Amino acid sequence: MYICICNGITDTEIKDAVANGATQLSDLQMSLGVATCCGKCADAACSFLPNPEPIPLVAAGQVQILKSE
Numbered sequence: 001m002y003i004c005i006c007n008g009i010t011d012t013e014i015k016d017a018v019a020n021g022a023t024q025l026s027d028l029q030m031s032l033g034v035a036t037c038c039g040k041c042a043d044a045a046c047s048f049l050p051n052p053e054p055i056p057l058v059a060a061g062q063v064q065i066l067k068s069e
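As numbered in the UniProt record's numbering, residues 1 to 69 make up the sequence shown, in order.
Note that these hints are calculated values from the structure, not bench results. From a predicted model like this one, the values you see are computed outputs, not experimental measurements. Don't take every hint at face value.
[Said to hold, decoys possible] With a straight-line cut-off of 20 Å between C-alpha atoms, the simulated EDC-like cross-links for lysine to aspartate or glutamate are:
#1 K15 x D27
#2 K40 x E53
#3 K15 x D43
My request is simple: use the sequences and hints to build the entire structure.
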């Protein structure tokens, strides 16, 4: 099932990322690109994490895109 429509990311891809060590939303953003466009999928993506934390609400267009240093 698609979780992130903007980037075409499925629940299987998110589960695989978690199995490979992703523990927080930023890990999923860096490895898959999930929740880097509109951000509406952030809660759904986080539900696959081992210890999901609440996602702060942001206004449309204020989703932070994380980049590696």
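Exercise. Is the straight-line distance between the alpha-carbon of K15 and that of D43 20 Å or less?
Worked result: holds, 14 Å
Exercise. CA of K40 to CA of E53, is that 20 Å or under?
Worked result: At roughly 16 Å apart (the allowed maximum being 20 Å), E53 and K40 satisfy the hint.
Exercise. Between K15 and D27, is the straight-line Cα distance small enough, at 20 Å or below?
Worked result: holds, 12 Å
In the structure shown, no violation is registered for any of the earlier numbered hints.
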